[in-house]
Each structure stands twice: as structure tokens, then as C-alpha cells.
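Q: Top line first, the protein sequences correspond to chains F and W.
Be aware that the first sequence starts at 88, since it is given in this note's numbering, and climbs by one per residue.
Be aware that the second sequence starts at -6, since it is given in this note's numbering, and climbs by one per residue.
One or more hints might be untrue.
Unchecked claim - With a straight-line Cα cutoff of 27 Å, these simulated DSS-like cross-link-like pairs (lysine-lysine) come out: (1) W:K87 / W:K356; (2) W:K162 / W:K135; (3) W:K60 / F:K158; (4) W:K60 / F:K149; (5) W:K248 / W:K357; (6) W:K357 / W:K162.
Unchecked claim - Example chain W residues on the side facing chain F (calculated, C-beta under 10 Å, incomplete): (7) E28; (8) Y32; (9) A61; (10) A70; (11) K87; (12) R110; (13) N111; (14) D267; (15) Q271; (16) R272; (17) W329; (18) D332; (19) E333; (20) V337.
Stated by the list, open to error - Not close to chain W: a few residues of chain F, all C-beta gaps over 10 Å, as computed: (21) V96; (22) R112; (23) G121; (24) M127; (25) A136; (26) E155; (27) E161; (28) G198; (29) L215.
Please keep in mind that the hints were generated in silico from the structure rather than gathered at the bench.
Since we're looking at a predicted model, the values are computed, not measured.
Glycine included, C-beta positions come from ideal geometry on N, C-alpha and C.
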Amino acid sequence: MARHVVAAVDELPPGTRKFLEIDGRPIAVFNIKGEYFGLMNRCPHQGAALCEGPLIGLAQSKEPGEIEYTKLGEVIRCPWHGWEFDIRTGQSYCDPRRFRVKAYSAHVEPGASVVKGPYVAETVTVKLESDYVVVEL
Amino acid sequence: MNIQFRENTEAASPLTTKTAIADCDIHPARATRTELYPYLAKRWQHHLEVYGVHAYQGMMEGPPYPKAQPNASRRDAYPPEGGPQGSSLSFMQKQLLDPNNVQLGVLNPLNTGQGIRNHELSAALCSAINDWQIDKWTSRDKRLKASIVVGNEDGLSAAAEIRERAGDKNFVQVLLLSRNVEPLGQRRYWPIYQAAEEAGLPVGVHAFGFGGNPITPSGWPSYYLEEMVGHSQCQQSALASLVLEGVFERFPKLKMVMIEAGFGWAPSLAWRLDKAWQRLRSEVPHVKRPPSEYIREQVWWTTQPMEDPERREDLFDVINWIGWDRLLFATDYPHWDYDEPSRVLPAGVSEANREAFYLGNAKKLYGIAA
Chain F
88 MARHVVAAVD ELPPGTRKFL EIDGRPIAVF NIKGEYFGLM NRCPHQGAAL CEGPLIGLAQ
148 SKEPGEIEYT KLGEVIRCPW HGWEFDIRTG QSYCDPRRFR VKAYSAHVEP GASVVKGPYV
208 AETVTVKLES DYVVVEL
Chain W
-6 MNIQFRENTE AASPLTTKTA IADCDIHPAR ATRTELYPYL AKRWQHHLEV YGVHAYQGMM
54 EGPPYPKAQP NASRRDAYPP EGGPQGSSLS FMQKQLLDPN NVQLGVLNPL NTGQGIRNHE
114 LSAALCSAIN DWQIDKWTSR DKRLKASIVV GNEDGLSAAA EIRERAGDKN FVQVLLLSRN
174 VEPLGQRRYW PIYQAAEEAG LPVGVHAFGF GGNPITPSGW PSYYLEEMVG HSQCQQSALA
234 SLVLEGVFER FPKLKMVMIE AGFGWAPSLA WRLDKAWQRL RSEVPHVKRP PSEYIREQVW
294 WTTQPMEDPE RREDLFDVIN WIGWDRLLFA TDYPHWDYDE PSRVLPAGVS EANREAFYLG
354 NAKKLYGIAA
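Pulled out of the complex, with its shape left as it was, chain W reads as follows (with noise of 0.2 Å):
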């Protein structure tokens, strides 16, 4: 196949024209394999040559790329010096933050040290991936602010990073996966809660993860659209635990971010489990009050992939009950399901409401100064 690409000439619009957004999930990559190794100890390149990586996941990265387009990316969005998609913050910078006006990107980068057997390793290759995000990306560009990975599997070492990390101004959020050893309201991630409310910072819970569990609750699907939207149904499981376990009662000031895996279906999950605790309310006395109260009160959405029904208004119902204020924009960058800003909101929104959406939700939420 030959395609030709064209000279990256497009990102050159003018920008002062456009509205500033927040894009609150952009995937920063490495751009080798190598490129941890400045911030890893050399006790752990040398566990990564010999041993290599451990996953609860027979494939590390999830059933094998490209995943509809290369590494699951946009197809015009490989860097001109070379590298995977991602990996260059110059053509970040000319692809997505200048021409969208972007004031506030949120990194959160994929593929890191989560999810692995060996706890002492995936504290490590956490931690050397958040010093790489202030190295490479935030340090060289105020607008990016970088999420705390953690080894989520182990609560103690994830809380350990998170309190090392606490007042850095580098980083906004805790960044977990949905799919992991357990669902994530159980005690064994409680210490990264507590460690999260005490910083003050926000748990983003990105869909995807590599805890060994099949990516859909009826077992591995054959095809990658089973998988898309099996990423809802993941993290659905993932809410009604962190609901159910007691984690929003326990830690009342936690805030809670729901990445990448729509948000549609935040109404139904919360009528059910209100249904069914107001029935079965006996066998969780420690959850007190109707599983949406917590939802509403500490439970954000970012924004991308939008539901796109074929009435607008539909859409509109859901956010109306979720709250215009509740709402993170994300693109996704640089992924190929990618929103484009300019696009995903029609007409008919009032300028408050637009204005929370694309950016000061996210500044509130993240603590960025107005």
C-alpha cells in the first residue's frame, strides 16, 4: 500500500480566534523502548533485559495493535522525526495544543508499569514514568499537567508515590485503570483513596487495564468493536463497586474521573442501583445514602468518545441529569476514536454551559488557576 503523506502544513490556522479548551486525556508515548531507562535504577534495566516484563495479562498491551488504525492512533499523527504516535511534544504542540487552543492538557499516559506480577518492579517503572512526564512534557509545556501512575495492584507503594508526589504542581490527577486484579471499590486499592483525598487530587479512572480479567464480563470477545464498548460495561463494574464497597462514604472528599468510557450510561447505572439498594440497602448498611447521591456529588466524565445519538436532545437528557458541570472535554490524542473540539457540540448550548464544558470544569476540578 502506498500512502503519501503530506507536509504537516495544517496546524498553521490562526489561533487567537478559537475558544480555549481543556483536553483532559491526551496519551503521551515513549518514543523507544528505551527511553525509561534515564530514571529507572539499573537493578531494574538490568530485571527488564534478563526477566522482561511480568503482566496478569497474557498480552501486555491488551489483544494485539494496530486496533483499527496503527497503535490504535491517528493515521496522520506519527511525528515527522520518527517515533509512534504521541511521542513527540513539537508536533503535540503543532497538532493538537496550538491550533485547538488548548490551556490545559491532561496527560495520561498508557502501557506503563501497571498491572505487573512483580510489585517491586511496578512500583518502579510507575514511578520512572511520572519523573519522564515532567522531563519530557510538562517541564517543557506549562499547559500539560501530568497524572501520578501508580502500581495499583500493590495499595501501599501506589500510596507511597501519590504522597511523594503530593504538591507538585506538575500533576493533577492519580491516573488508575478500569480493569484490574479486583473491582476497584475494594480495600486492597482503598490506601491510593485515602492517600488521593489527603493530596487534595482527583482519581482518574481510565478505561482499559491489564488485570487478567476478559475485556467484556461474559468473557473474550471476537471482535475490537465488542471490545470498544466493552470498556463502558468495565468500568460500570467498576463504579457500582467503588459505590457499593463504601469508597465514595469512606473518603467523602474523593473525587472520582471517569476517562474514556462514555458517560450514557451514568443515568441507568445510578436508577439501578438505587432500585436495587433501596430493596437490598440491609446487605451494605455502610453504603447510607442512594448509590446517584454519590455519584453525582463526586464522580466526573470526561467527554470523549460522546455518545452521538441520533436525536441530539437525547444526549442532552443524559447530560442534563449528570450536570453541565460535571463534564471534562478529552480529545484522546492521539488516538484514532479522537474528538475534534470544533465538532462535538452543536448549537443550542448556552454559552455557560459551553464554557464549563470545554474548559472551566477542568480548571476547577484540576486546580488550575483561572
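With the rest of the complex left out, here is chain F (with noise of 0.2 Å):
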């Protein structure tokens, strides 16, 4: 599994998202109040690229006239048709069992660690002194 520095940290601040192309495949790097993910930018359903979508919550309810409001901030909304998926886990909340999105690993890595490897810089110059974006695909 290849590892890809996407960004400097200082490049995707908490409520950003970027977009990118590694290894032919579209994909979306998140910073949710500090935590990162990855996310294939393609819906399985048509075909949109998903990421473009907002990300909301997760309405749920037990019964009629109770509702509850989860994981906010967590889940993307197809811009196209508004299926929801996990941006953690890919899974889509309409058909769990049949449409996922395929979730990568997202997380940082010192300057000094990139540089030794075993990275592939997509879009930054990475400096030693940085903090990196890594994504594993």
C-alpha cells in the first residue's frame, strides 16, 4: 500500500477538504476538527463526484416524531441524487449492503518521516520542518 502526501497541514485547516487525482483515481482528503479522511470522489449510484456534496449529519429515528441528529459533520450528501455516505467508513446509510464508497486512510506525518519514505509527493513541496497529510492507497 503506497503511502501519498497530499498536503501540508497548514494547507487543509479543520472544515476543509481537497481535491485530488493519485494513481488515476479521483479522490477527497478531509480535516474534520483535526481528524483527516479519504474518500474515492466518484458515487457509486451515477456517477458524481461525491465529495462536492455537503457534509451533514445522520438523521435517524426510532419512531414517528422522534428524531435524532448524529455524527455531525461526518456524513456526505451526494451533490447530484443526496445519497448519504460515512466519510469514516465509506458505507452509504440507503443500501449499506450493496453501495459503499471506498474510504482510505488519512492521517499525518512529520517532515522528517516523508522525506525518508515510503512516500510519493502529489502536490506539495515537503519541507523537513512540516507537518504532512498522508494518504494510504
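Hey, can you piece these two chains together into the complex? The hints should help.
A: Written out as C-alpha cells, the structure is:
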């Protein structure tokens, strides 16, 4: 599994996302409150650029009249047909058995270890003293 | 919420490999509120500024937007130069027409001048919309063809608008909506059908409308999801009315297009109508043949939104009843329930049916040369 350097930490502050192509695959990387997530940027339904949708929460209901809204900012909603996916796992909420989107592990590595490898720098110039967001693909 | 959109680069895929298609339901939008003013007499500009629009329906655009996505549209369809989704020709070319190899795109503007109580204002706005469609769209891209929007509640002025536009190659159909003041078969609408038949133009009936009646036959619903499925119920009522009032009998060359209301219900409606007609025929002696015959001869159907049954064969049973020669592919761009051309039809459809579905039927119906 190759590890790809996708951004310096400063370039991807909390609440932002970055779109890029890695090995021909469209990928989106998110920073949600300091946690990083990677997702394939293609909806398994009809192929929309999935991650251009809004990040919402998960509305669930045990019975009519009771609504629980959780996972705030952890569910991506497709910009076309509104299908919802958990950005932590890629599972869909409309049909978790049949539809999921590929999720990629993303985390921060210090510049020293990024330079040492085994990393491929995608879009960033690596400096030893910085921290970098790394996606495993 | 912080959403960063990518640069719009994805439209650059190679075109020549994609089969040419027709898109029979595209919704162009106005970039600004006053974009129609150049096509409106000063008298009506003044009227709009002073009195506004008085509709049959309290909320002119139906229940408030955003309707599932902003402006009921794809979130990735905002033009880079600003304005609402569907308001930029260059972006429509880049996002829809070019990458999908659309050879014929039929424009169906919504929120026009239909369903307005002041019939003179309604006629003026519809005529302005038609001029605007030529100026902003069809004259600038020959792939695009417009629908003649008419002040639907006043059959006579609507017919006059159709006659004025008849023969103009910018237009390929007359546009009505499914929710009107009365069911569409009733006499007040007949001048529209007569003029369309004379002009050789199909009449498209798009789901939705501002007739003031509730969105479902059992009242105003709680949810947008109910509204979505209510469109097909409304369209069924409209079609039953057209058959039973004798519109198809009276105008045998009239062609109707059912737009954006599904088609899976067509066989069951026709079967129910036939069965009831056999028993109650004497109530409607002007309906001389089983209702299904009129429907199969005079009605076409746009595909979006395609019903999506668990077993695809079930859908093919429906299409086989309707006829592969009766379906017109549509995306509904830029609306959020857009159908992606390459994803709607599974493998296993014959080459001839596939070609008819995506392009041939539309070119034939709308009189576009091969």
C-alpha cells in the first residue's frame, strides 16, 4: 500500500477538503476537527463527484416524531441525488449492503518521516520541518 | 458549512467515443430577476414592479426551495460566473452538452408565466420567455430547441402564441404543466391542442404547475418526498382527463409527451381505464375506442426519472408494453434528480432499441433531420 503526501497540514485546516487525483483515481481528503479522512470522489450510484456535496449529520428515528441527529459533519451527501455516505467508513445509508464508497486512511506524518519514505509526494513540496497529510492508497 | 468546489475541469473527457443522444428535458434558468425585461413591454415591466405576480397558487414556486438541493438542482451545476444553476449557456455546454454528446436538447423552462391569474400578464410573460429562449439559447447553440411556453389558463391567447411561433425552427413543442386549474382534458384547453395539431407540434406536459390545487389528490403533503411521487399521480389524472374528455378523439394527429412523471404506471393506468370503459362506455360515448389505444398511439414519455426496480426485467416488461419507440431520453439537467446518460440503461438492450431510446425517437418526434 503506497502512502501519498497530499498536503502540508497548514494547507488543509479543519473544515476544509482537498480534491486530487492519485494513480488515476479521484480522491478527496477532509479535515474534520483535526481528524483526516480520505474518500473516493465518485458516487457508486451514477458517478457524480461525490465529495462536492455538503457534509451533514445523520438523521435517524426510532419512531415517528422522534428524530436523533448525530455524526454531525461526518456524512457526505452526493451533490446529485443526495445519497448519504459515512466519510469514516464509506458505507451508504440508503443501502449499506449494496453500495459503499471506497474510504482511504488519512493521517499526519512529520516531514522527517515523509522524506524518509515510503511516500510519494502528490502535489506538495516537502520541507523537513513541516507536518504533512498522508493518504494510504 | 464549508464547501470548496473543484475547478470545473471534468468536462474535458473525449467526446467522439460517446454515442450521440437527445436530452428531452433541460431546464434553462434566468440569471437575474429582470432578465426578461428586454422582451416585456414597458407596461408589463411597470406592472411587475408595482403589483408583482398574482398566482393561482399561494407560493408561486410551489413549496419553498431548496427542495433537496439548492434550487432543486445539482450542487455542482452553479455556473462559474455566478447565477443560478441552468442560467449559463457556456457552462451548460461544458457540463452537459459537450461531454454527453447531446445532439438535440429540448428546453423546458419552468417558473415562466403559467398559472398566473392575470391572463394578459401571463400571456406577456410566456411570450417574453419564448423570445428569451431564442435570444439566449437556441440561436446560440443549434443543438438546443425550445418549447413554446403558453399562458395555459387562457386557451385562446395560448393558441395565438402557438400560431405565432408555428414554423419557427427554434421551437419543437408546446409546453404545459400537469397541475392546472382544471384537468387538462377540459374544453378551456382545447384551443391549445387545436393550434398544436395544426402546427404539427407535440404538446409536452411536464410534471408540476401552479394551478392552485394540492400537490397530491388527497391534499397538501408533509414531505418533499411525497411531492416527488405525487407528480405521477397528477400526471395520471391529466392523462385520464385527456382520454376521457375526448381530446385524442377530437385531435387524432395530436401528439402528447409526458415529461418527468415516470412511465412505470402507464400500463396499469391504461388497463384500469380499459376495464372501466368497457363497463361505463355509455357515459363517454365520444371515447370510441379503448383508452389504451389512444395512449399507445398518441403519447410519448420522457425517461427521467426512470423507475428503478430491483429486477431490471420488470422495467423492461413495462417498456415492452409502452413500446421502445415511445421513450425519449432526458436528464432533467440541472435538477438534482438528473439521470446520467451512461448509467440509466443496463446491458442487454438491442442496438436498435438503444439507439431509439437515446436519440432516434426524439429526432423523429421533434422533426429533427437525421
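Q: Any CB of chain F closer than 10 Å to the CB of D267 (chain W)?
A: 35 Å, violated
Q: Confirm or reject: E155 (chain F) is not an interface residue toward chain W, with every Cβ-Cβ distance exceeding 10 Å.
A: Nearest chain W Cβ is 18 Å from E155 (chain F), so the label holds.
Q: Close enough to count: is the Cβ of W329 (chain W) nearer than 10 Å to one in chain F?
A: Hint holds; W329 (chain W) Cβ to chain F Cβ min 6 Å, cut 10 Å.
Q: For the restraint on D332 (chain W), tell me whether the closest CB of chain F is nearer than 10 Å.
A: Constraint on D332 (chain W) satisfied, holds at 7 Å.
Q: Can you verify the interface hint for R272 (chain W): is its Cβ closer than 10 Å to any Cβ in chain F?
A: It is violated, given that the least Cβ distance between R272 (chain W) and chain F is near 40 Å, above 10 Å.
Q: Are all beta-carbon distances from G198 (chain F) to chain W longer than 10 Å?
A: 25 Å, holds
Q: Would you assess whether M127 (chain F), listed as outside the interface, keeps its beta-carbon beyond 10 Å of every beta-carbon in chain W?
A: At about 15 Å from chain W, M127 (chain F) clears the 10 Å cut-off, so the statement holds.
Q: Grab the minimum C-beta distance from E28 (chain W) to chain F and call the hint holds if it beats 10 Å, violated otherwise.
A: Status violated, d = 25 Å.
Q: Given the hint that K87 (chain W) pairs with K356 (chain W), does the C-alpha gap stay at or below 27 Å?
A: 23 Å, holds
Q: Would you say R112 (chain F) is clear of chain W, with no C-beta pair closer than or equal to 10 Å?
A: Non-interface label on R112 (chain F) holds, nearest chain W Cβ at 14 Å vs cutoff 10 Å.
Q: Is the hint on A61 (chain W) kept, meaning its closest Cβ partner in chain F is under 10 Å away?
A: Status holds, d = 6 Å.
Q: Run the C-beta distances from L215 (chain F) to all of chain W and say if the shortest one exceeds 10 Å.
A: The claim holds: L215 (chain F) sits with its nearest Cβ about 28 Å from chain W, beyond 10 Å.
Violated hints for the displayed structure, listed by number in ascending order: 7, 8, 11, 12, 13, 14, 15, 16, 25.
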